[in-house]
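Order-wise, the sequence lines are chains A and B. Counting in the numbering used here, the first sequence runs from 1 upward without gaps. Counting in the numbering used here, the second sequence runs from 1001 upward without gaps.
These are computed hints drawn from the structure, not numbers from a lab. Watch out, some of these pointers could steer you wrong.
Cβ-to-Cβ under 8 angstroms is the rule here; a few derived chain A residues that face chain B [unchecked claim]:
hint : residue
1    : LEU22
2    : GLY44
3    : LEU74
4    : ALA86
5    : GLY120
6    : GLY139
So these bits of chain A aren't anywhere near chain B, every CB distance computed over 12 angstroms [claimed, not checked]:
hint : residue
7    : TRP102
8    : GLY107
9    : ARG113
10   : ARG129
Ideal Cβ positions, reconstructed from N, Cα and C, are used throughout, including at glycine.
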Amino acid sequence: MFELLVAARWSPYLAGAGIGLLICLTFLLSDRPLGASTAFAKLGGMIAGLFSRRRVESMEYYERVTPNVDWQFLILPGVVIGGLVAALLSGTFSPEFVPTFWATRFGENGVIRLVAALAGGILLGFGARWAGGCTSGHGISGNLQLSIASMLASAGFFIGGILVALVLFGVPEGQGIWGLF
Amino acid sequence: MTLDDIRSSRPVQMSLALLFGTIFGFLLVRGGATQHEVIWGQLLLYDFTVVKIMLSAVLVGMVGFQLLRSLGLVQSHVAAPTLGSHLVGGLIFGLGFGLLGLCPGTVAGAIGRGSLDALIGGGIGLLIGTFLFALVYPRVNRGIAKAGPLPWKTLPELLGGINPWFVVVPAGVLILAVFWVLESLGL
Chain A
1 MFELLVAARW
11 SPYLAGAGIG
21 LLICLTFLLS
31 DRPLGASTAF
41 AKLGGMIAGL
51 FSRRRVESME
61 YYERVTPNVD
71 WQFLILPGVV
81 IGGLVAALLS
91 GTFSPEFVPT
101 FWATRFGENG
111 VIRLVAALAG
121 GILLGFGARW
131 AGGCTSGHGI
141 SGNLQLSIAS
151 MLASAGFFIG
161 GILVALVLFG
171 VPEGQGIWGL
181 F
Chain B
1001 MTLDDIRSSR
1011 PVQMSLALLF
1021 GTIFGFLLVR
1031 GGATQHEVIW
1041 GQLLLYDFTV
1051 VKIMLSAVLV
1061 GMVGFQLLRS
1071 LGLVQSHVAA
1081 PTLGSHLVGG
1091 LIFGLGFGLL
1101 GLCPGTVAGA
1111 IGRGSLDALI
1121 GGGIGLLIGT
1131 FLFALVYPRV
1141 NRGIAKAGPL
1151 PWKTLPELLG
1161 GINPWFVVVP
1171 AGVLILAVFW
1181 VLESLGL
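Just chain A, same shape as in the assembly:
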C-alpha cells in the first residue's frame, strides 16, 4: 500500500477508476458533479472585484456564478495541494518552466512559451465557460451521466486539441495510430 502511494505513476486504469469512485462520492455526499473550470471563473471574478467591485457585481455572469469561496471554488486549492502531495511523496516535485516536449520543437525561449501558454489558458477558460464545463465537468462527470451536452463538448475538446497539436508538432510518423497505416 505504501509503495503504491509513493509510486510516481500508476496504471492509467487505476487512476481513472479512482476518479470514477471519487465522482460517485461527490454526487452522493455533495449532490454535485466534479468540475474544475468554475473555480477559475470565481477566482477571476474575485480578482477583478478588487479593481472594481461595482462593475463585477453588475455583470450578469457573476450573478449566475457568484465569485465567492464555496464548494466549487475549494476544489481548486484542493487539486493544487493533491498534486503537491503526490509529487512530494514520490520525490518528483521539480520546478519547470518550458515543458521539455515543447522545448524539443520550439526551443527553450521562455517568452515564446509564455505567450503560447497564456493564449492556451485564455482559450481554455473562455471555451470552458462557453461550453459550461471542462474535461472534468463534461469529459468525466457529464459523460458518466450519459449527458448529450457533455458528449458534444468532449468531441469539441478533442477535435480542437488534436488539430492544434498536429499543426504545432506535426504528425508523429510511425508512432501510435500513425504506425498502423
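Since the structure of chain A is provided, determine the placement of chain B on it from the hints.
Positioned in the frame of chain A, the structure of chain B alone reads:
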C-alpha cells in the same frame, strides 16, 4: 448524521470540497495527466494515457452513479444540449487544450507538481479567459449559445426514454472493448 445533514452543513461541505479536490489532484498526477507530454501525446494520438484515464473514470462512475440513482440517493445534473453552446465552446476549449498541453483541472495539478508553465501561463490565462467570457456572456447566452438546440438531455432519452441500464451496460462493454483494442495494438 443523515445524508441531508451532510449535504446541508457548510463546514462539512467546505472540508469535503478540499478533500475531494486533493484526492483528484493526487490521482491526476499519479495517472500522468498533469504532464504536458502525456496530454500532447494523446492529442497526437500516440500515447493513450488520457483516454484510458477518462474512460476508466467514466466506466466506474457510470455504473456507480446509476446504482446510486436506482437507490434514489443521487440525482442527475445535466445541461440541455445545444450545438452553439457545447460544441462551439468545446472547440474553443480544444484550441487552448492543444496550445497549453493541459486542461483546467490538470493545470491545478501541474501547479502542485511544480510546473511554472501551468502557474504563470495556464493559470493566469484561465483567469483572463473566464473573465473575458463573463464580459461577453450576455450576448453569447442570448445568441449563439441558443443555436442548434437538441431535444434530448441524455442518451437514454435520445433512445426513446429507455431504462438507463440498457445504455450503461452496452456502453460499459464498449469501453472495455476500446481498452482491449488499445492494449492489443500496444497503444
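Which of the listed hints are not met by the structure? The structure breaks hints 7, 9 and 10; every other hint is satisfied.
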